[in-house]
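Asks: What follows is each chain in one-letter form.
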Amino acid sequence: MIETPKMKKSNRTPKKKQPISSPDRVIEPLTPQTSTPTTNLRRSLRLTSASPQPSPAPSRLKSSPRSGRKTSKSYKNAAPHSPTTISITPASPQPTESGKKRKSQDKQAGSIEKRRVLRSDKCTSASNKGKKRVYYRKVIYDGGEFSAGDDVYVKRREDGSSDDEDPEVEECRACFKPAGKRIMIECDDCLNGFHLTCLKPPLKEVPEGDWICNYCEARKSGKILEFPEPPKGKKRARTAREKLLSSDLWAVRIESLWKEVDGSYWCRARWYIIPEETAVGRQPHNLRRELYRTNDFADIEMESIIRHCYVMSPKEFSKAVNDGDDVFLCEYEYDIQWHSFKRIAEIDKNEDDGEGADTDDDWNSCDESDSVSEEDIEYDDESKINLLPQTSPAHPVAANSRKGRIFGLQRIGARKIPEHVRCHKQTDLEKAKATLLLTTLPKSLPCRDKEMDEITTFIKGAICDEQCLGRCLYIHGVPGTGKTMSVLAVMRNLKSEVDAGSIRPYCFVEINGLKLASPENIYSVIYEGLSGHRVGWKKALHFLNERFSDENKRGKDIRPCILLIDELDLLVTRNQSVLYNILDWPNKPNSKLIVIGIANTMDLPEKLLPRISSRMGIQRLCFGPYNYQQLQEIILSRLKGIDAFEKLAIEFASRKVAAVSGDARRALEICRRAAELADYRAKKSPLSSTDGKIMVGMADVESAIKEMFQAPHIQVIRSSSKLSKIFLAAMVHELYKTGMAETTFEKLAMTVSCFCSSNGEMVPGYDTLLKVGCKLGNAEYYCVRLAQGTNCRNCSSTIPGESITKMRLSIRVHAYHRSMAIIYINGGHELHMTLTTNIK
Amino acid sequence: MGCLNPAEQAKIILRSRISTPSFVFSFFSQSPDSNHSKLKYIISSSVTEACNNSVLLLGPRGCGKVAVLEIVLEELLKEHPDMISVIRLNGLLHCDNNCALKEIARQLCLEHHLMFSKMASYDDNSQFLLSMLRECGLAHKTIVFVLDEFDLFTQGKQRLLYSLLDAMQSITSQAVVVGVSCRLDADQLLEKRVRSRFSHRKLLFLPPSREDLQRLVEHILLLPTDSSLPNDYVAAFNAKLLNILADEKFKGIIDTLCYSDSSVGYLLRFLFSAICHMDMNSGFLSVENFKSALPSIQRQPKLEALKDCSVLELYILVCMKRLEVKELELCNFNSIMKEYKSIHDTFQTSDYYARNVCLRAFEHLLERALISFEDNKGHGQSTEFRPVKLLISWHELHQGLKSHRSCPVRSIFQKSKI
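Just so you know, the protein sequences line up as chains A and B, in that order.
Position 71 of the first sequence, counting from 1, maps to 71 under UniProt numbering, and the rest follow consecutively.
Position 191 of the second sequence, counting from 1, maps to 191 under UniProt numbering, and the rest follow consecutively.
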């Protein structure tokens, strides 16, 4: 929904009228792009080579160091641009085969479900002879059903004549007969299949865990054991998987499908690559069936597609034990320009799934091929400029500016996939550490059902209400009680309901008050969230006012908008106008705005002006601090199935946190820290390998709690130098002697020298003493304000100890007057004792 | 340079050792209880296990917080090349959120060879930071943020800390925030919501114990046997040094040193000056070197300044002191002159100087910062009329006068003490 207006806008730019194939386009400035923010890297890439014009990009790419296969690919890339050259395209199949396929294609033409047809009246400048492409979502071609997002095998041009037939069924490596009814087993090393009965000795059933065939075992132990030769006259047929892994085939992911003007079917494909073809080659930790997704696209003819294969994420892959031979694993994306790897984000995937609404725009933009093509070339340019910044200094795009972010960040990636990511089997402690991380999203949010229900009913009620007047929810609670998380979880649930069609669609804008540069900036962020344009806050305020409060100027059909403002208290300005504006909009008729505010303080509405609190304080929801049972449940739900913690230890941690703050983050952090301590102990002590398991016990939790909650003053005092101890003691002594909260440095120095001479210590010089005093002040034992000339330091602090009331010592050297400091002292009987004993 | 004699070379070796903190603090890194291995464990676990952490390194100044951190980072950069990028910020330079974010963006760009624009706004930079964290996390790269003088980042709304720590709550990011502070209660300074996101690992850096110091001295001063120095010289040097270290006198010196300040930094400064005192003819260190180094780092600048004062300047100081005792609110050059005159009249001193000479002495005192103007106002006025204050205490003045040779003022001062 965001893309559409942007596309249109850029279409309207005068540049459109320029001849499309002008060669100087390459070095043209990128103005249209710069004004239209593109947020999605993937999408822009997809557009990159969708251009039907002969863009210079692919041929230029050839010059970069690439393997032979890739050059052919770029050749291919250029192929569809000129329909006349189809006969010499490298992808053109064997004549006999193509004939067969053409036939079948004609047959099935009727069964193709049309998705969208280009409206020819739209492309006014279509000088090309009726260049129409018909896009499909799903194509049944040569007996197979292909849709966008599928993974398929693709023929290689020079793919030899020998392997015409493509066995769908894998043969046994020992007896060269297809599987039939007998069960086959796959070697985890060489990936060859064997009948269970053909093995020596034969196996009864598939063993648990990894299994390696005799041949590989023999090879590992240094012997050479040849695979049995196939019987005479019969050539061993290689499966598609074998061909792919020996780079005789390719695998691609279909991004989109269309029919060309001449009736041939094409698709836009994203290449997969096998580890051997990357710059670093196969690494020891690569799995046998591992592929990398590249960021390289090409248009290929449907004829070269062989059949489906299944490329899966690691999670799916681990489940797919029994899914046949065409299963592959893909965890990383490989950048062919930079030869770097990057994990494929899981979020990426979700976006793909949830893109439903957006894809329309994508299709749209592809349809208007002429207008888009212009942009495409520019995209090409821009990315090239980013790739070679030193060659084209005319267009430096800084990475931290808005437009630079899209392309500049591509090049970040690992040169190699680090070994430790795969090689290492996780122990229970490490697993525990990983699930206790704050970042790992739990599958369910325990103990917040009631609150989530309330939020859900609130939002649902607000959306379904035609008017949705004055909808505003204020959520408060101490940090770490799951406020934001609950709201986001509710929004996720609602989103799935929207996808299912049970709720009307809505927009959702999430803002964090602390991440805004200034409170006023919220307007531009909201406006950007709603429309995709970025303007200054004054203008944004104007637009928003128009949208929410001015009836006449509003568009007819506006979706309800949900605004989530985290850390709402940060938006309080002096005249509170920002909050007033935002909270006033929901009350306007037909504004369809719903505001959810989150903050820590319970009484924020009361602190505000009455006109604001009357708008905000009506509906409230309190997230109370967790009690210890709830904390325990949260921790246990995360640690399900991992045996690393003693039960008591968890209870101890949760009770401790519940007593202090009820902050779930704290509780998780304590447990994680405890696990870390245990892990550290296990790794550092040489005995760990023998006695096996180390559990996280009470002692670990205790030390984690200590680390978190205790200030280390006492330890530091104990190990500090004798003179500083004397200095502190003198300070306390002075306090008790005078009963006054302040003393001068001179008096203190006298006391110190008294102490020293009576204890038989060396009497320090004044300058040394001053130095010691400054050093202590630096560590904030007390606060120093040395006003020497203009140089003035002022801060306040305390020493928290075991019992704060007794140990509190806040001494402030308050005015430096003629080399004297006035020191406030507030207490510290026990400290006095410890210090005086320490001195002796 | 030509060839230096072994003593020169030894001196250079020792000096360069003292000035490289990584050498000095590698001494403490062996045992599993050391901060070095703990810190290394924390950072490396977030590199290998893709978790986010935030650590505070606390301790008084001169205990090697940053030095140990640097050693750890260097080792990790070697172990995992191209996987860690370090962003260094200092609270004294970047406590303003805006410029801190800009600096982060600049360093990130530099690290990854991206173009950096100075003009980018706060929003842009924070967006950039977020997307960089994401991209780096996806590429298994860890970003280590080192925030020196952490306590200064806690001023104001703590936007920077909040956005850093909040970004670390997302799945893809992989970062460590290391705060270095000499304020022991630095984590208490954090706002509630920031503190809740902070993961509260704390490492305490303490000044080493007496025995550790002794061993550290050995570690630093013993010459390496595998250097270019002649072997017999090294052997002799080391034997002599071990003798010195075992000496009771030397232990006494170290004790006096630790008495006022037992941090490593202070010890290093002491050793450096001791080495500078090394006798180049014999080519060996001696106890005398250490002994003479001690006063050179425990200087009493005010007493020394007093020692150098002329008699007239001392007169002026005493006059000011007397005025202070009389509890006069303000004094300036004119009132001092009056007092000076009255002293002269009462004690019938022999030396009475003209007013312009006194003014010269007065200005000299101002320059030496033994006295200073009361306030910064009134630059236009001539020095005679601006109010001044005394910057040394009675005690110091007394000591200074006592140590001054043949000072006629002393008796006056004592009489005026009351």
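For the record, the hints were derived by calculation from the structure and aren't laboratory data.
Do not rely on the hints blindly, as some may be mistaken.
To be verified - Just so you have them, the derived chain A footprint on chain B, three or more residues with Cβ under 8 angstroms:
#1 163–172
#2 203–212
Stated by the list, open to error - Per the computed footprint, the stretches of chain A lying under chain B, defined by three or more beta-carbons under 8 angstroms from a beta-carbon of chain B, are:
#3 241–252
#4 573–587
Claimed, not checked - Below are the SDA-like pairs computed for lysine to any residue, each with C-alpha atoms no more than 20 angstroms apart in a straight line:
#5 Lys291(B) with Thr768(A)
#6 Lys771(A) with Ile254(B)
#7 Lys725(A) with Lys647(A)
#8 Lys157(B) with Asn521(A)
#9 Lys40(B) with Ile12(B)
#10 Lys40(B) with Glu79(B)
#11 Lys450(A) with Leu621(A)
#12 Lys771(A) with Gly62(B)
#13 Lys722(A) with Gln214(B)
#14 Lys722(A) with Asp82(B)
#15 Lys431(A) with Ser637(A)
Note that CB positions come from ideal geometry on N, CA and C, so glycine has one too.
Asks: Hints first: check each against the structure and report whether it holds.
Replies: Against the structure, the hints:
For the region 163–172 of chain B, the stated coverage by chain A holds: 7 residues have a C-beta nearer than 8 angstroms to a C-beta of that chain, and at least 3 were required. Given as covered by chain A, the region 203–212 of chain B passes the check, having 4 residues with a CB less than 8 angstroms from a CB of that chain where 3 are the minimum. Check result for the region 241–252 of chain A against chain B: violated, 0 residues qualifying (beta carbon to beta carbon below 8 angstroms, three or more required). Given as covered by chain B, the region 573–587 of chain A fails the check, having 0 residues with a CB less than 8 angstroms from a CB of that chain where 3 are the minimum.
Simply put, Lys291(B) and Thr768(A) have alpha-carbon atoms about 18 angstroms apart, close enough for the 20 angstroms limit, and the pair holds. Annotation: proposed proximity of Lys771(A) to Ile254(B) holds, straight-line Cα distance about 18 angstroms (limit 20 angstroms). With a C-alpha separation of about 43 angstroms, the suggested pairing of Lys725(A) with Lys647(A) is violated against the 20 angstroms cut-off. Of the pairs offered as hints, the one joining Lys157(B) and Asn521(A) holds, with about 16 angstroms between alpha carbons and a cut-off of 20 angstroms not exceeded.
The suggested pairing of Lys40(B) with Ile12(B) is violated, with an alpha-carbon distance near 31 angstroms, which exceeds 20 angstroms. In summary, the hint linking Lys40(B) to Glu79(B) is supported, as the alpha carbons are separated by about 11 angstroms, within the 20 angstroms threshold. For the suggested pair Lys450(A) and Leu621(A), the alpha carbons sit about 10 angstroms apart, so the restraint of at most 20 angstroms is met. Straight-line distance between C-alpha atoms of Lys771(A) and Gly62(B) comes to about 14 angstroms, which keeps the hinted pair within the 20 angstroms bound.
Restraint check for Lys722(A) and Gln214(B): the C-alpha separation of about 17 angstroms stays at or below 20 angstroms, so the hint holds. For the suggested pair Lys722(A) and Asp82(B), the alpha carbons sit about 46 angstroms apart, so the restraint of at most 20 angstroms is broken. With a C-alpha separation of about 14 angstroms, the suggested pair Lys431(A) and Ser637(A) falls inside the 20 angstroms cut-off, and the hint holds.
The earlier numbered hints that this structure contradicts are 3, 4, 7, 9 and 14.
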